[in-house]
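According to numbering that gives the first Met the number 0, the sequence shown is numbered sequentially starting from 0.
Treat the hints with care, as some may be off.
Claimed, not checked - Pairs of lysine-lysine residues, derived as BS3-like cross-links and limited to a Cα-Cα distance of at most 27 Å, are as follows:
1) Lys-493 with Lys-151
2) Lys-426 with Lys-503
3) Lys-397 with Lys-338
4) Lys-331 with Lys-356
5) Lys-493 with Lys-534
6) Lys-513 with Lys-477
7) Lys-403 with Lys-426
8) Lys-47 with Lys-105
9) Lys-563 with Lys-513
To be verified - Now the in silico label distances, taken between C-beta atoms and shown as ranges:
10) Arg-576 with Asp-485: 43 to 53 Å
11) Thr-384 with Pro-290: 47 to 57 Å
12) Lys-47 with Leu-583: 42 to 52 Å
Quick caveat, the hints were computed from the structure, so don't treat them as lab data. Built from N, CA and C at the ideal position, the CB exists for glycine as well.
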Amino acid sequence: MLDCLSRGINKSCKERYDEMTHDYKGINVGNLTKDMPHLVNYPKDAYKSVFDGINTKIVDFMWERTTGYDSEVAIEYFGVPITYGELKQEKILEYAKALSKFGISKGDYITLCLPNIPETVYLKYAANMIGAASLMLDPRINSEQIARMVNKSKSVLLFCHNEICKPKIEPIKERLMVEKITNISPTHSLPASLLEQTLETSPVRLKFLLKDYLIRLQEIKDSGRYYQLDKFLELSHQHTGNYIASYEENQPATALCTSGTTADNLKACVFSNENYNAMVNNLKYISACLPPGKRFLGVVPYFSAYGSFCGFHNSFSNIWLVVLVPKINPNKFIQSVIKHKANVGIGVPAYWEQLTKPSMRVYNFFRPNFCRHIDLPITGGDETTVKKLIDINSSLKKYGSEAKIVEGYGETEFGGSVSVMSNAPEKYNLNSVGILLPGFYGRIVHPETGEEIGLNERGELELGGPTMTLGYLGEEEKTKEILTYDKYGRPLYKTGDIMSINEKGELFYYGRLKRVMMRPDGHTVANFPIERRLKSHFAVDDCVVVGIKIREDANGTIPTAFIKLKSGVKGTSELARQLDDYCLEDIGERERALVITYIKEIPYTKSDKIDFRDLERRRFDDMDIHIMDSIFFDRPSLVRKLAQSTIKKIS
Numbered sequence: 000m001l002d003c004l005s006r007g008i009n010k011s012c013k014e015r016y017d018e019m020t021h022d023y024k025g026i027n028v029g030n031l032t033k034d035m036p037h038l039v040n041y042p043k044d045a046y047k048s049v050f051d052g053i054n055t056k057i058v059d060f061m062w063e064r065t066t067g068y069d070s071e072v073a074i075e076y077f078g079v080p081i082t083y084g085e086l087k088q089e090k091i092l093e094y095a096k097a098l099s100k101f102g103i104s105k106g107d108y109i110t111l112c113l114p115n116i117p118e119t120v121y122l123k124y125a126a127n128m129i130g131a132a133s134l135m136l137d138p139r140i141n142s143e144q145i146a147r148m149v150n151k152s153k154s155v156l157l158f159c160h161n162e163i164c165k166p167k168i169e170p171i172k173e174r175l176m177v178e179k180i181t182n183i184s185p186t187h188s189l190p191a192s193l194l195e196q197t198l199e200t201s202p203v204r205l206k207f208l209l210k211d212y213l214i215r216l217q218e219i220k221d222s223g224r225y226y227q228l229d230k231f232l233e234l235s236h237q238h239t240g241n242y243i244a245s246y247e248e249n250q251p252a253t254a255l256c257t258s259g260t261t262a263d264n265l266k267a268c269v270f271s272n273e274n275y276n277a278m279v280n281n282l283k284y285i286s287a288c289l290p291p292g293k294r295f296l297g298v299v300p301y302f303s304a305y306g307s308f309c310g311f312h313n314s315f316s317n318i319w320l321v322v323l324v325p326k327i328n329p330n331k332f333i334q335s336v337i338k339h340k341a342n343v344g345i346g347v348p349a350y351w352e353q354l355t356k357p358s359m360r361v362y363n364f365f366r367p368n369f370c371r372h373i374d375l376p377i378t379g380g381d382e383t384t385v386k387k388l389i390d391i392n393s394s395l396k397k398y399g400s401e402a403k404i405v406e407g408y409g410e411t412e413f414g415g416s417v418s419v420m421s422n423a424p425e426k427y428n429l430n431s432v433g434i435l436l437p438g439f440y441g442r443i444v445h446p447e448t449g450e451e452i453g454l455n456e457r458g459e460l461e462l463g464g465p466t467m468t469l470g471y472l473g474e475e476e477k478t479k480e481i482l483t484y485d486k487y488g489r490p491l492y493k494t495g496d497i498m499s500i501n502e503k504g505e506l507f508y509y510g511r512l513k514r515v516m517m518r519p520d521g522h523t524v525a526n527f528p529i530e531r532r533l534k535s536h537f538a539v540d541d542c543v544v545v546g547i548k549i550r551e552d553a554n555g556t557i558p559t560a561f562i563k564l565k566s567g568v569k570g571t572s573e574l575a576r577q578l579d580d581y582c583l584e585d586i587g588e589r590e591r592a593l594v595i596t597y598i599k600e601i602p603y604t605k606s607d608k609i610d611f612r613d614l615e616r617r618r619f620d621d622m623d624i625h626i627m628d629s630i631f632f633d634r635p636s637l638v639r640k641l642a643q644s645t646i647k648k649i650s
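Start from the sequences and build out the full structure, keeping to the hints where you can.
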């Protein structure tokens, strides 16, 4: 394991609790509220209860909590129900036996490069059952990133869906150190009768059948390099021995990627069973009021920390029904909430703001009180305003829901969530990003000196708690860089966020220390990797990338590259496309600049520093631009204007 873990980050949860409540290194810290003011918001035993029952595998944790509920529906996928009994007694066991028969054993990794489909759920819990860990990758990352992460984890098997086999896996298959590449069709869990009878999905079925056929031909050509899922599952019928691994403390359960850019800096956080189970215990103070059977909209990706921890494991452990949605149009989030009658939904602020659009009034005319089923609307991942949150709440009430939007704050390194707003009327505060969950502790320090500062003062937030990552996969030095320790010797993660905390334990967010951009969908994009890549192109003299708002009241920004070309090079539309393609060879499609514009000179301040503010204040209406992806340009008039704009030719 990681060297830095020897300093305490891998201590058992019981040891961490004992250190918090008894003398530790000569310092009495029995009065928890002195250094953890947020605990005044919770029951007296809340901190201790976070550690109850978490020392077990995540599959066993879920299994025990769902005992007696086998007839309840666990997953709904395109209308097809899968009960908890089927999930546990059939699917997870079948996949666990197949993995074990193939040769996967305790301590091994498998890679899941899959969207939100039932097989992703089966494989994650099945791997955990036999003591293996799952590296979960976003299928949208590029081939180089996939190759690097798969090999870094030393995965034995790679599971991917057939949409990415040809364009992304084929170019790197010879460099992948896995034994087999197992292809999964998103339609695998759907009955043939349903696919044949449903006009909406029949074309989809034909599409994937064709892809499966082509991949089978490739399998023959490659002498079995590819492994079809049906063939893999046949192994389960051949297994006769024991395959269930014993629990081991601090054993890796998953590895989840942070927001990476280039292939050489994508990182994966390693998480233990205890990390996952402690998150469920933390969140019970937010969602305990919701009984079994509630419907959770599974839109947030399973490969993200927030989705894996707060979305899926938390939902299954609370006996909720998870509606799996493998792909969604960001502009139709609310329609999906309504269509699936979701009680719980997680989305960036822009998703929930769809409720405030005039079109919703027309929708309400035909379907009165269409929000009446919404019990817990959760948002985060992007900055918003109090006014926008008030408007969302007004719309929720207008359309039949008694719920109020709940905003949270989190980091991938902690499983996606560390604070959530209280929905108790007397504690509901739209100005904050929530109250630290009871299992966490933290402090605010001066960004330059590192000295701890008082309540209500701005500084960098440093955090610790039972969901804190074991470290970055294969990156001991990078793990050490983000760690520090408090006066009690407890490990803390340096978030890089400027925040403050008040006497009630509420957190207030003011921005990032580093240069990053937040897209309208909440995805974080780093400026530097784009600039570094573009500057290496032979036609580029200089480049600055900043985020620009589509309009003043818009959420998030559009990553925009201001490019100064070398003398004699003309700024054409074709060159812009070539520059975009050049970037995509090194960085993911979600990490690139969405707009490219040419500039004669990079602006500088009087102190000879790049004037980022000058560029950020500019508006698309006044610029000659080239749009690489128009997904966030949601106003038709603006799209037409931008699409028709002509890039100036600059020598």
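Here is how each hint holds up against the structure:
1. Lys-493 with Lys-151: holds, 25 Å
2. Lys-426 with Lys-503: holds, 9 Å
3. Lys-397 with Lys-338: holds, 18 Å
4. Lys-331 with Lys-356: holds, 12 Å
5. Lys-493 with Lys-534: Violated, at roughly 30 Å.
6. Lys-513 with Lys-477: holds, 16 Å
7. Lys-403 with Lys-426: OK: Lys-403 and Lys-426 at ~13 Å, within 27 Å.
8. Lys-47 with Lys-105: violated, 30 Å
9. Lys-563 with Lys-513: holds, 24 Å
10. Arg-576 with Asp-485: 43 to 53 Å: At roughly 51 Å between Cβ atoms, Asp-485 and Arg-576 fall inside 43 to 53 Å, so the hint holds.
11. Thr-384 with Pro-290: 47 to 57 Å: violated, 34 Å
12. Lys-47 with Leu-583: 42 to 52 Å: holds, 50 Å
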